[in-house]
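**Student:** Please model the complete structure; the sequences and the hints are all you need to start from.
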Amino acid sequence: MEQYSVIGKRIPRIDGRVKVTGEAKYASDFELPGMLWCKILRSPYAHAKILNVDTRPAQRLPGVKAVCTGKDFGGWSWGWMPKTRDETPLAVNKVRYLAEAVAAVAAVDEDTAEEATELMKVEYQELPGVFDPEEAMKEGAPQVHDYVENNLSWEFHMDLGDVEKGFREAHLVREERFETGRVITGYLEPPAAVALYDSSGITIWAAKQSPYFLYRHLASCFNLPLNKVRVIQPFVGGGFGGTKNDSVPGDFCSVLLSKMTGKPVKFVYNMEEVLMTCRRRHNMIVYVKMGMKKDGTITALHSRVIADGGGYTTIGPLTMFLTGCMTTLPYKLPHFKHDAYRIFTNNPTGAAMRGHGVTHTRFAAEIQMEMMAEELGIDPVAVRLKNAITVPHETVNKIKVHSAGLVEGINAIAQEPSWKAKDKKKAAEGYISHGVGISGTAHLGGARQRGHQSCGAVVRLCEDGTVDYLTGATDAGQGSDTVLVQIIAEELGLKAEDVDIKRVDTAYTPCDAGSYGSRVTVLAGEAAQKAARDVRGQLSRFAAEKWEANPEDIVFKDHQVYVKGSPERSIPFRKLAQIACYSGPGAVIVGKGYSDYGLEVLDFDKGVGNPGTSFSFTSHLTEVDVDTETGVVKCTDMVIAHDCGRPLNPINVESQNQGAATQGLGQTLYEEFVMDHGKTLNPNLADYKMPLALDVPKIRVIDIITEDPIGPYGAKEASEGAIVSAPPSIVSAIHDATGIWFKEQPVTPEKVAMALKKKQT
Amino acid sequence: MKKIRFTLNAKPHALSVKPWRTLLELIREDFGLTGTKEGCGQGECGSCTVIMGGKTVNSCLVPALEADNQEIITIEGLVDGDILHPIQDAFVQKAGMQCGFCTPGMIISAKALLDKNPNPSEQEIREGIAGNFCRCTGYSKIIESISAAAEAMRGGA
Numbered sequence: 001m002e003q004y005s006v007i008g009k010r011i012p013r014i015d016g017r018v019k020v021t022g023e024a025k026y027a028s029d030f031e032l033p034g035m036l037w038c039k040i041l042r043s044p045y046a047h048a049k050i051l052n053v054d055t056r057p058a059q060r061l062p063g064v065k066a067v068c069t070g071k072d073f074g075g076w077s078w079g080w081m082p083k084t085r086d087e088t089p090l091a092v093n094k095v096r097y098l099a100e101a102v103a104a105v106a107a108v109d110e111d112t113a114e115e116a117t118e119l120m121k122v123e124y125q126e127l128p129g130v131f132d133p134e135e136a137m138k139e140g141a142p143q144v145h146d147y148v149e150n151n152l153s154w155e156f157h158m159d160l161g162d163v164e165k166g167f168r169e170a171h172l173v174r175e176e177r178f179e180t181g182r183v184i185t186g187y188l189e190p191p192a193a194v195a196l197y198d199s200s201g202i203t204i205w206a207a208k209q210s211p212y213f214l215y216r217h218l219a220s221c222f223n224l225p226l227n228k229v230r231v232i233q234p235f236v237g238g239g240f241g242g243t244k245n246d247s248v249p250g251d252f253c254s255v256l257l258s259k260m261t262g263k264p265v266k267f268v269y270n271m272e273e274v275l276m277t278c279r280r281r282h283n284m285i286v287y288v289k290m291g292m293k294k295d296g297t298i299t300a301l302h303s304r305v306i307a308d309g310g311g312y313t314t315i316g317p318l319t320m321f322l323t324g325c326m327t328t329l330p331y332k333l334p335h336f337k338h339d340a341y342r343i344f345t346n347n348p349t350g351a352a353m354r355g356h357g358v359t360h361t362r363f364a365a366e367i368q369m370e371m372m373a374e375e376l377g378i379d380p381v382a383v384r385l386k387n388a389i390t391v392p393h394e395t396v397n398k399i400k401v402h403s404a405g406l407v408e409g410i411n412a413i414a415q416e417p418s419w420k421a422k423d424k425k426k427a428a429e430g431y432i433s434h435g436v437g438i439s440g441t442a443h444l445g446g447a448r449q450r451g452h453q454s455c456g457a458v459v460r461l462c463e464d465g466t467v468d469y470l471t472g473a474t475d476a477g478q479g480s481d482t483v484l485v486q487i488i489a490e491e492l493g494l495k496a497e498d499v500d501i502k503r504v505d506t507a508y509t510p511c512d513a514g515s516y517g518s519r520v521t522v523l524a525g526e527a528a529q530k531a532a533r534d535v536r537g538q539l540s541r542f543a544a545e546k547w548e549a550n551p552e553d554i555v556f557k558d559h560q561v562y563v564k565g566s567p568e569r570s571i572p573f574r575k576l577a578q579i580a581c582y583s584g585p586g587a588v589i590v591g592k593g594y595s596d597y598g599l600e601v602l603d604f605d606k607g608v609g610n611p612g613t614s615f616s617f618t619s620h621l622t623e624v625d626v627d628t629e630t631g632v633v634k635c636t637d638m639v640i641a642h643d644c645g646r647p648l649n650p651i652n653v654e655s656q657n658q659g660a661a662t663q664g665l666g667q668t669l670y671e672e673f674v675m676d677h678g679k680t681l682n683p684n685l686a687d688y689k690m691p692l693a694l695d696v697p698k699i700r701v702i703d704i705i706t707e708d709p710i711g712p713y714g715a716k717e718a719s720e721g722a723i724v725s726a727p728p729s730i731v732s733a734i735h736d737a738t739g740i741w742f743k744e745q746p747v748t749p750e751k752v753a754m755a756l757k758k759k760q761t
Numbered sequence: 001m002k003k004i005r006f007t008l009n010a011k012p013h014a015l016s017v018k019p020w021r022t023l024l025e026l027i028r029e030d031f032g033l034t035g036t037k038e039g040c041g042q043g044e045c046g047s048c049t050v051i052m053g054g055k056t057v058n059s060c061l062v063p064a065l066e067a068d069n070q071e072i073i074t075i076e077g078l079v080d081g082d083i084l085h086p087i088q089d090a091f092v093q094k095a096g097m098q099c100g101f102c103t104p105g106m107i108i109s110a111k112a113l114l115d116k117n118p119n120p121s122e123q124e125i126r127e128g129i130a131g132n133f134c135r136c137t138g139y140s141k142i143i144e145s146i147s148a149a150a151e152a153m154r155g156g157a
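Going line by line, the protein sequences match chains A and B.
Each residue of the first sequence is one higher than the last, beginning at 1 in our numbering.
Each residue of the second sequence is one higher than the last, beginning at 1 in our numbering.
Because the hints were derived from the structure by calculation, they are not lab data.
Any given hint might turn out to be false.
Unchecked claim - Some but not every residue of chain A turned toward chain B, in silico, with C-beta under 8 Å:
1. Lys25
2. Gln478
3. Gly479
4. Ser655
5. Met690
6. Ile699
As the list claims (entries may be wrong) - Cut-off 16 Å, straight-line C-alpha distance, at most; resulting in silico cross-link-like pairs (EDC-like, lysine to aspartate or glutamate):
7. Lys289(A) / Asp468(A)
8. Lys592(A) / Asp468(A)
9. Lys400(A) / Glu600(A)
10. Lys18(B) / Asp68(B)
11. Lys698(A) / Glu144(B)
12. Lys689(A) / Glu672(A)
13. Lys698(A) / Glu76(B)
14. Lys758(A) / Glu629(A)
15. Lys698(A) / Asp30(B)
16. Lys337(A) / Glu164(A)
17. Lys18(B) / Asp111(A)
18. Lys55(B) / Glu66(B)
19. Lys11(B) / Asp30(B)
20. Lys25(A) / Glu76(B)
21. Lys398(A) / Asp159(A)
22. Lys698(A) / Glu122(B)
23. Lys25(A) / Glu29(B)
24. Lys55(B) / Glu144(B)
A virtual CB, placed ideally from N, CA and C, is assigned to each residue, including glycine.
**Tutor:** Have a look at this one:
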């Protein structure tokens, strides 16, 4: 660690100051002169034909400037793959989920726009809906899309090794059904944008986690070249995948309404729209059949997934891929079969969320493994250590793992006093029963799956020795801006405050795939490192010439530049920058770089190959108190031993782990949309309960350093591992407290109380 | 329309408001103080928390009329020139935020807590911010930040 000056340090976030003073501007904080407000009319039916939309009553309302319907988008549709472009900005002939967007209004103020939507008259012909994916798969079920039989949105299969042989070799073979819940990302900042369509094209300030998705969607939808689409990135109030990694109807409608009126148009969703219509995590039914030898060795695994896709495909093919592809980590698995089915229903649409696809099947396989170990009398630590991979490792689907700290992580949490005292503290205190559980999981980082996947960076040297850094990567809160600035500063021997990061503006910043799949630090970091080294190389040549030294021997450290081994030949960085910019003809020093690691081809259809550049390993210990009278589970302690290779900013890594674990806690214990025939019955934050400060324990993070050979400075992902590890560790702890295995999330007080009652009788 | 008088971040104001206007709209739209955020608009998320008459309120639920004769403090009222309030400084130093959307409301709740209880226990801090959702941090670093701020304000660190 000593060789670095900025990397690995607990430096405060570079955006900390503007965020604590209220200066940081988010999309909804932007206003332009003459701005109109956009509001969306939404369907009262979950499944219906649209027979007619009469917008005239709305248009007659004073203050209304323009109205648009699905037909105004000229049949344009979008989706994650060319063959899955099944969604239109506004519904055209049919609505497929309740509150799907049908029409939009632009008016002088928000209230008038709202009133206008209520005046529009839409004739619907209600259709029978289908709301359960297993029902939707049956012959004769209502069809969500006319051209799709049995509502099969996407299927994905893997068959590697010989699972039947693996099951024959097992001492114990067991199959169980698991289910994950209907949850949402839960960002507090609703989707919002201010859009302007004028002679220079589209300019939009939009709340996006990955603004280049919107950039491409808008160019395609409005038939403009990409250099006429300018997405400017405000601060973003959380993302967590899904909605803010995609476009929403409000984006398209505000741009179209601006085009129609010549005025800037703003929209801000309300929380009910967020909770009723925005992308959710797919809820999944997961069947896991596992074979295990007497000594705990896993011999084979066959998983079958049925996912509720809702009305549209979105990113679902990738979700299905990840449910299978990542099941082969973090435990040795010689034989693996996987069958995943994503099913259309008339529910709100399922998409990506932190821990995308991985959390579902890992939860199922992890609990299955521990249940079988229990049956065979094997300790939870022992079964994990027996099966944990060590490097170098190649999985049955040819994922190459270069660094893995699972064994170290499991050993670390096994040393916790609460785990050591596990068997002693069974004595219940009144109605409260204590439990402690563990899990061990893996997550991909540096996601590289299909389509454009690289990151770029441009570093501009200013003549006073400060630096401008342009990246296409978005910090939606995860802290990547700070880490990327640290990388630039480290390479140039500067401090973080000498580097100014520009937020994404697609007119200036290099194109970037987006902030998903834990790819920013790894891939945008690689690009930043290269761009800074490019600047360093250019400056080295000036210094080498001056000192008649070899450019490779020029050292940049602590604002000084000197020749290695002879510190007397030294110059302040600022001075060298000035010389380079002014001496002789002068130079304009601009460095650039892009990520190119991991370009090997992945077989997306078979799930074979590396889905990311590196893999994190998370070992997670949870303690719970279960109230055996009420069934309420209180999580009292969490310890996470996380292998992110090397934390580039440990305070950020801790915070990422704590946040991810808390989100995982919510989905394990209580977060759940209550649905009735496609209707979300709890579309508000009082009834859809996310964890508050009183619900969460103090979460400790232990860094397991493995120095990944690929990531910049040895770094791997740090933001998703703990959302995958939290649910199985909590369920394992509840089992320790109650003797009951809960296989369906969320494990609500009702389920716990009922199961305890059943157990007693 | 009704005329109201109030102080906002220590400056006196008098203006006329419509009866259905919320305090949040007054702060964000009439005064352009966009540090106070609207998350849920239903009084649940705490992003719009401001101090009115020494107590925290969800400004999205409070009619602007109720600000009459009140003293209101928003996030913009905490800095002293260029100098951050100790709570703000602690949030920066201890990584008490990620996306920052809940942060103004969270800091305001922390201020109201520390104004009343300069030496809160961890449990009291958790109770003090129990009306503020944060989806990013898992609260650990927010609690550490408030605890550090309390110490600094007591003249400790």
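**Student:** Now tell me if each hint is right for this structure.
**Tutor:** Comparing the hints with the structure gives:
1. Lys25: Holds, about 7 Å.
2. Gln478: 7 Å, holds
3. Gly479: 6 Å, holds
4. Ser655: 5 Å, holds
5. Met690: With a closest approach of 6 Å, the Met690(A) hint holds.
6. Ile699: 5 Å, holds
7. Lys289(A) / Asp468(A): Not OK: Lys289(A) and Asp468(A) at ~54 Å, beyond 16 Å, violated.
8. Lys592(A) / Asp468(A): Status holds; Cα separation ~12 Å.
9. Lys400(A) / Glu600(A): Holds, at roughly 12 Å.
10. Lys18(B) / Asp68(B): Holds - the C-alpha atoms of Asp68(B) and Lys18(B) are around 13 Å apart, at most 16 Å.
11. Lys698(A) / Glu144(B): 10 Å, holds
12. Lys689(A) / Glu672(A): 8 Å, holds
13. Lys698(A) / Glu76(B): 30 Å, violated
14. Lys758(A) / Glu629(A): 13 Å, holds
15. Lys698(A) / Asp30(B): Roughly 40 Å separates the two Cα atoms, so the pair is violated.
16. Lys337(A) / Glu164(A): 10 Å, holds
17. Lys18(B) / Asp111(A): 14 Å, holds
18. Lys55(B) / Glu66(B): 13 Å, holds
19. Lys11(B) / Asp30(B): 15 Å, holds
20. Lys25(A) / Glu76(B): 13 Å, holds
21. Lys398(A) / Asp159(A): 13 Å, holds
22. Lys698(A) / Glu122(B): Judged against 16 Å, a Cα distance of about 10 Å means the pair holds.
23. Lys25(A) / Glu29(B): 14 Å, holds
24. Lys55(B) / Glu144(B): 23 Å, violated
Of the numbered hints stated above, those contradicted by the structure are hints 7, 13, 15, 24, listed in ascending order.
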